[in-house]
Amino acid sequence: MNGTLIWLTIRQVRWIRFAYLVLLFVTGYFEFTNRGSLSVHSEAGMMVWILGAGTIGKDVTNGVLQSIFSRPVKRFEYVLSKWFAVGSMGVLVAWLYLGMGWTILFFQDRPADLTDLLTGLIIAVLASFGTSASLILFSSLVPGFGDIGLMFLIGIVPTVAVQFWHGGSQYWGYIGSEVVQNFLFPAGGWAEDGFDSVSLFAWVSYFFVITLCLTLAVWAMNRKEITYANS
Amino acid sequence: MPILKSNPYSAKVMPPWMVGITLLLFAALVGAGFYQRQHPVVLKDLIQWVPAEQAQKAAAALKKPILYDFSADWCPPSKQMRRDVFKNREASDWINQNFIPVKVLDRPGLGENDPAITELQKKFEIEAFPTLIVWVADDKSQREVGYSDKTQIMRFLQGELAFLATAASSTPTVVSTPVK
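Chains as they are written, first to last, in our numbering: chain A, 1 to 231; chain B, 1 to 180.
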């Protein structure tokens, strides 16, 4: 990983994205107030989407890649630095979000258990770095903000299929939907089950999805031909 | 493999350790899949579930309604409800105190259904998971279908208990202090 590239990725985040994050925090306020439990899995994923959308794709369309790769930087270093930067930003914002939830519950006289808080903090780390890996893969495949569109399309297909599938049971629809969810928001089974009920399969599949996404992203980046002629 | 034979000094190098770790994890994933098939994970919560065949006897002895939870390990809303409600200390203590809770899992461990489970699902005309049913007699059962959070579940269950307490004035049901 390359410190300069990590810092560059963080500095590339525009302020408008923080406005979207504020919206997420506002809906989170009502979530925490109504549900009374600390949960951050899907929110951490969305935060990573907001902060990291187009992280490689925009570098391609804006012509930033040419400047970066004119220096002695290996492409896999670039991919890993992007992944780490987006994941770290996601973790920080998700922890802030959890802190807000904990404060709300505390002032409502129903403070969250320390175990719930610790679980939330760890899930925020796992979900952020997991989602960051799949986002980086999609961003390396399509230019601009195409990654968000691609993830949305892939995510919505099984969800819609489950709604319209009335043959027998919805069993296979749910299974398909879960597989896709675990690919788009990798966080193992911790989000639903907590750490005491997590399977070995969930742990292995989490790390496999991350390494697979990053390896494919490096492969896609290595195949990109960059021309310096028109920039 | 051309992927591993690239020039290590090139900017386009694919680090062999990345490919190696991915392949290793793929092998581990297949192994974990086989292992999990033999040793399915027992999902824990805080409810003291009673086996379905003992539920009616226990309900008659303790004069409590039965709370059936028709759910599935493979169903995300069921899992979410377990996390939000059945793993919540306040809610589970209150449910344990006021109901005879019975969990009816659909296809546990992704296997086939026991005939007794299929029969119960048919009897209660279960169409979706999760479905919660408060049962006192065949003509007096109420249901909540789909995912509901802790507040909604508690509202539903408290409403049912209050209704049963007024309806069966000859055999009053003791309702403990509701959870916030």
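No wet-lab data here; the hints were simulated from the structure. Hints are supplied without guarantee of correctness; some may be wrong.
Unchecked claim - Taking lysine-lysine pairs in the DSSO-like style, the calculated list, with each CA pair at most 27 Å apart, reads:
id, chain 1, residue 1, chain 2, residue 2
1, B, K122, B, K64
2, B, K103, B, K57
3, B, K12, A, K224
4, B, K12, B, K103
5, A, K58, B, K44
6, B, K57, B, K44
As the list claims (entries may be wrong) - Here are some, though not all, of the chain A residues that point toward chain B, as calculated from beta-carbon distances under 7 Å:
id, residue
7, F18
8, F25
9, V26
10, F30
11, S70
12, K74
13, S199
14, S205
15, F207
16, T211
17, L212
18, V218
19, N222
20, K224
21, I226
To be verified - Just a sample of chain B residues kept apart from chain A, beta carbon distances all over 12 Å, derived:
id, residue
22, S10
23, V30
24, G31
25, A32
26, H39
27, V50
28, Q80
29, R143
30, E144
A virtual CB, placed ideally from N, CA and C, is assigned to each residue, including glycine.
Tested hints:
Among the hinted pairs, B/K122 with B/K64 is consistent with the structure: their alpha-carbon atoms are about 23 Å apart, no more than 27 Å. Note on B/K103 and B/K57: the hinted pairing holds, with a Cα-Cα distance of about 16 Å set against a maximum of 27 Å. Restraint check for B/K12 and A/K224: the C-alpha separation of about 10 Å stays at or below 27 Å, so the hint holds. As the CA atoms of B/K12 and B/K103 are separated by approximately 55 Å, the hinted pair breaks the 27 Å bound.
Pair hint A/K58 plus B/K44 does not hold up; C-alpha atoms about 45 Å apart against a cutoff of 27 Å. Taking the CA atoms of B/K57 and B/K44, the gap is near 25 Å; set against the 27 Å cutoff, the hint holds. Proximity of A/F18 to chain B is violated relative to the hint, the smallest CB-CB distance being about 29 Å (cut-off 7 Å). The closest approach between the C-beta of A/F25 and any C-beta of chain B is roughly 19 Å, which is over the 7 Å cut-off, so the hint fails.
Interface hint at A/V26: violated, since its Cβ lies 19 Å from the closest Cβ of chain B, which is beyond the 7 Å cut-off. Against a cut-off of 7 Å between C-beta atoms, the interface hint on A/F30 is violated, since the closest Cβ of chain B lies about 12 Å away. Taking 7 Å as the C-beta contact cut-off toward chain B, the hint placing A/S70 at the interface is violated, the least distance being around 10 Å. Among the interface hints, the one on A/K74 holds; its C-beta lies about 5 Å from the nearest C-beta in chain B, closer than the 7 Å criterion.
A hinted interface residue such as A/S199 counts as satisfied when its beta carbon comes closer than 7 Å to some beta carbon of chain B; here the least separation is about 4 Å, so the hint holds. Given hint, A/S205 at the interface with chain B, holds; its Cβ is 6 Å from that chain's nearest Cβ, closer than 7 Å. With 7 Å as the threshold, the beta carbon of A/F207 comes within range of chain B, its nearest partner Cβ sitting at about 6 Å, so the hint holds. A least Cβ separation of about 4 Å between A/T211 and chain B falls short of the 7 Å threshold, and the interface hint therefore holds.
Hint on A/L212 holds. Least Cβ distance to chain B is approximately 5 Å, under the 7 Å limit. For A/V218, the interface hint holds, since its Cβ comes within 7 Å of a Cβ in chain B; the closest pair sits about 6 Å apart. About 4 Å separates the beta-carbon of A/N222 from the nearest beta-carbon of chain B, less than 7 Å, and the hint is met. Hint on A/K224 is violated. Least Cβ distance to chain B is approximately 9 Å, over the 7 Å limit.
Here the hint on A/I226 is broken, as its CB sits about 10 Å from the closest CB of chain B, past 7 Å. In this structure B/S10 is not separated from chain A by more than 12 Å, as the shortest Cβ-Cβ distance comes to only about 8 Å. Consistency note on B/V30: stated as away from chain A, yet its beta-carbon is not over 12 Å from all of that chain's, at 9 Å minimum. Chain A draws B/G31 into its interface by the beta-carbon criterion, the shortest separation being 8 Å against a cut-off of 12 Å.
Not every CB of chain A is more than 12 Å from the CB of B/A32 (nearest about 4 Å), against its label as outside the interface. At roughly 9 Å, the least C-beta separation between B/H39 and chain A is not larger than 12 Å, which violates its mark as non-interface. The claim that B/V50 lies off the interface holds: its Cβ sits roughly 20 Å from the closest Cβ of chain A, which is beyond the 12 Å cut-off. With 12 Å as the threshold on Cβ separation, the claim that B/Q80 sits away from chain A is violated: the shortest Cβ distance comes to roughly 6 Å.
For B/R143, the non-interface assignment is confirmed: its Cβ lies about 18 Å from the closest Cβ of chain A, beyond the 12 Å cut-off. Residue-level check passed: B/E144 sits 16 Å from the nearest beta carbon of chain A, beyond 12 Å.
Of the numbered hints listed earlier, those contradicted by the structure are 4, 5, 7, 8, 9, 10, 11, 20, 21, 22, 23, 24, 25, 26, 28.
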